[in-house]
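Colleague: Here are the chains, one letter per residue:
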Amino acid sequence: MRAWRHGTAFPIALVAVGQHAQSALDPAGPQGDRFIGLWWLSLAISVAVFVLVVIALLVAALRRRHEPVAVEPVVAPEPAGERSLGRVVNAAVAVTVVLLFVWLVASVRTGRAYTSLRAAGSARAPVEVTITGHQWWWEIEYPDTNPSLRVTTANELHVPVGRPVVLKMTSTDVIHSFWAPNLGGKRDLIPGHVTTMWFQADTPGVYRAQCAEFCGYQHAHMALMVVAEPAGRFRAWLAAQRQPAAPPTDSLRARGERVFLGADCTLCHSIAGTPAGGRQGPDLTHVGSRLTLAAGTLPNTRRNLAGWIVDPQSTKPGSLMPQNPLGSEDLQALISYLEGLR
Amino acid sequence: MRDGSAARAATVSVEPALEERRLEKEHEALDEQWRTPPGFAGWLISTDHKSIAVRYIVTAFSFFILGGINAAIMRLQLARPDAHVVGPDLYNQLFTVHGSTMMFLFAVPVMTAFGLYFVPLMIGTRNVAFPRLNNYGYYVYLTGALLLWGAFLLNIGPDTGWFSYPPLSGPEFAPGKRVDIWAQMITFTEIAALVTAIQIIVTVFKQRAPGMSLGRMPLFVWAELVVAFMIVFAMPAVMLDSSYLAIDRLIGTHFFNPAEGGDVLLHQHLFWFFGHPEVYIIFIPALGMVSAIVETFARRPIFGHTAMVLSMIATGFVAFGLWVHHMFATSLPQLGEGFFTAASTMIAIPSGVQIFCWIATIWSGRPRLRVPMLWVIGFVILFVIGGLTGVMIASVPFDLQVHDTYFIVAHFHYVLIGGSVFPLFGAFYYWYPKLTGRMLSETLGKWNFWLFFIGFNVTFFPMHLLGLEGMPRRVYTYPASMGWGELNLLASIGAPIIVASVVVFLVNVWVSRRRGALAGENPWDAPTLEWATSSPPASYAFAHIPVVHGRTPLWDTRDELPVVTGLRSDCREVLVTDLLDAEPDHRYGQAGPSVWPFALAVATAVGIIASIFTPWGTPVGVVLATIALTGWVWPKGRERRELLAGERL
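Chains as they are written, first to last, in my numbering: chain A, 1 to 342; chain B, 343 to 991.
Just chain A, with the same shape it has in the complex:
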């Protein structure tokens, strides 16, 4: 199953992002492309070297197997034979050195090309995004000089296609690592440091990124969706994200809001436009619009949302979110409310 590509509509249900949505072999941007070039070059050299060495080894080992076993070892081999053997070994070493040099040059050139995006990107008004790593989710901010235009979301990175993106990353707890294989390499999120990473998505689609540096119990469930969309759609998304949460329109959702504000939820979660202002967990202002729950762990469906709220520990043992035993009516109201936060 391929990642969603080139579509016009953005079906929320399509979150079962499958094979190749997180693969270095299926690049969707210039960085990923350059890696593929390097991969094929190294694979070609490696296969050639491997085949030659193994053939030489097997021929050397087997070419005299039918001759009678020599009893006496050869203590002083013939000088002439040794010399010609020496020439072959020297030639093989020389070829090795040349191949390694070719590889070194290819690597440095690719490294430069990576940097050229940074050089060119600065001139082309890159999209700047701040990512903060948490155990085990990603806090994502689109900074703006005007504080009211800042956007805070979680576990979903929207970027416009064809434009450089610069990620400024850090962590508040342990070291994490951002890795979206289709879009390029990885970069660590290190407490006490700010690391930057440049990439560009050329093909629209949903790509999966995953934490690559072991970060504790739920390292396995710390993913992130990268949504690369045409510039217009991206602008529209950003504009929508800047809005505070819409007030509930029906009584069910109003009850849901009361449940949310009356429970422990607000200790950790924020919903802009309400008194909820916790910063320990993901911002939920537009949680209904997201593709996944629990950092890429579950598709964002009503059923999954209910399960996650009531018993997060069965899906993600060790997660910092506690169990929330809610009555069934309260739960249904809460889910309707959260679903409505789009």
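If you're looking for bench data, these hints aren't it; they were derived computationally from the structure. Quantities reported herein were computed from a predicted structural model and do not represent experimental measurements. Each residue gets a CB set at the ideal place from its N, CA and C atoms; glycine is no exception. Be careful, since some hints might not be right.
A few chain A residues that don't get close to chain B, going by computed Cβ distances all over 10 Å [as the list claims (entries may be wrong)]: (1) 82; (2) 249; (3) 304; (4) 322.
Distance condition first, Cα-Cα at most 25 Å in a straight line; then the derived SDA-like pairs of lysine to any residue [what the hints assert, rightly or not]: (5) B:548 to B:891; (6) B:519 to B:432; (7) B:788 to A:59; (8) B:519 to A:320; (9) B:788 to A:194.
With chain A's structure known, arrange chain B on it following the hints.
Modeller: This is chain B only, laid out in the frame that chain A set:
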């Protein structure tokens, strides 16, 4: 040999019957001096390098099996997506204990243990230079090993990975004692490794048989020497590192705490400054083993002996310039990246030289394809794969994709298992007759080899692809939708094949121990001095110290080995020779069995383990260790002092 001592060098050739009786008496006298006292007490105080090395080998191999069981459980968990064989807590302990066991409790100790056994025999001496220290080292290692596994079996095993990056391993995110146990296990194995390294360096430099100049030293001895120096330079870095981590956790220092001006990357630099040389510390002895096997079975001296030596030394040096390639994803200046890429690429050159020289040796020799050679051939094939992926990941843009993924897991298992465990099995088949006096079964050996070779590739080859397809390492599960299920299942199918291979190996060792063909002194007609001793070697190894005239002493002199006489047989005397040319310098009476090394090991253990729980552990340990050391060096009687003073030749 100065002032007339050359007269002592003579081939023994007196009247046969008389001579035989005289020799027998001399052997009895020597054994009286050198043998380990019987019973459990003797085992505790032994200073015989052979018995201590065998203990090391057996212990290390037991931990290889335990670490393998960790791995098998992990493969069971990963065989299917979303599996629930184990939870995240146990899984994290499994891979941490697996990695720590294989690196610290199996690979390094087993490689140096082969050195402890065979270096003295290959250079023609009767024991290592500091025999009591040897005993101490073993108990320190054993305590560290039991500490780690005791904790794991109590379900409080470390769970932050074998390189335990802070802050995840720091006081805030890793409460409890798990990481402290890990850090102190490092301290134990560090001490043991350093102690072994010092013994090997001094033994090689000062106790070589007369005539064995550095240029005539067997390649295995060179390998162990290079590794010993690497241990001396690498271990202090990790000692600092594990100590910083331990005291950050114990008394709240802030070496790794960014909130108080510490830096988490400091740990990574210190750890990998040790950690990268560490993999070569495991790998270089394997090169020595391969050279020993190839030489014997190709029936000719190794082609390019000098190039081989220089390659090993070059590898030892360059290994210290690679550590940052474990940290490419942490953001480095480009010039720095370039340097470490170049160094990481460069280390392929000495490896290439050695592989070409072995192939040249086999090509121009008359190879006999016995079981040790099969392992060597398997080694070359797998190591070339691991080496090539190693060159790939030396490149920064390449590494940024595959770093911390299953591609890396595949890579390092190819270099560590292919590059070290295969030669180790080969070495075991090669030297088992020397260790026990009996041959291992060739038929079982072939089963052992083929099952391992096939199982290994089935397990680890698919991991390359898994990494490229986006699977990070150290995840306890993965969703079915990622499409990693089939390749993971394939990898998990390989695991039982490897288990079967190891079972065959154990059966072979068990059965051959009693029923294997008798080996005699030199069953393979090998050229190096360890084969001039009986199998297993007598407690004193050589009744007379051999004299060496070339690189392949047992091939150079086919009839009788020239020897020097004149070492006393009424005390533990060894011949000390000079560093470059191994000219006899003086005789030296070695210390015999003593209980103090064991007492010091107990003091060390009390101090280190107590300091997991309280800062008082250190002073208490120091006091106890001082008492034990005082006992160790307490002045002996006059006669004993004279013996120890030796005699200059």
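Colleague: Are the hints correct? Go through all of them and say.
Modeller: A quick look at each hint next to the structure:
no., hint, verdict
1, 82, "7 Å, violated"
2, 249, "34 Å, holds"
3, 304, "13 Å, holds"
4, 322, "17 Å, holds"
5, B:548 to B:891, "18 Å, holds"
6, B:519 to B:432, "16 Å, holds"
7, B:788 to A:59, "20 Å, holds"
8, B:519 to A:320, "21 Å, holds"
9, B:788 to A:194, "55 Å, violated"
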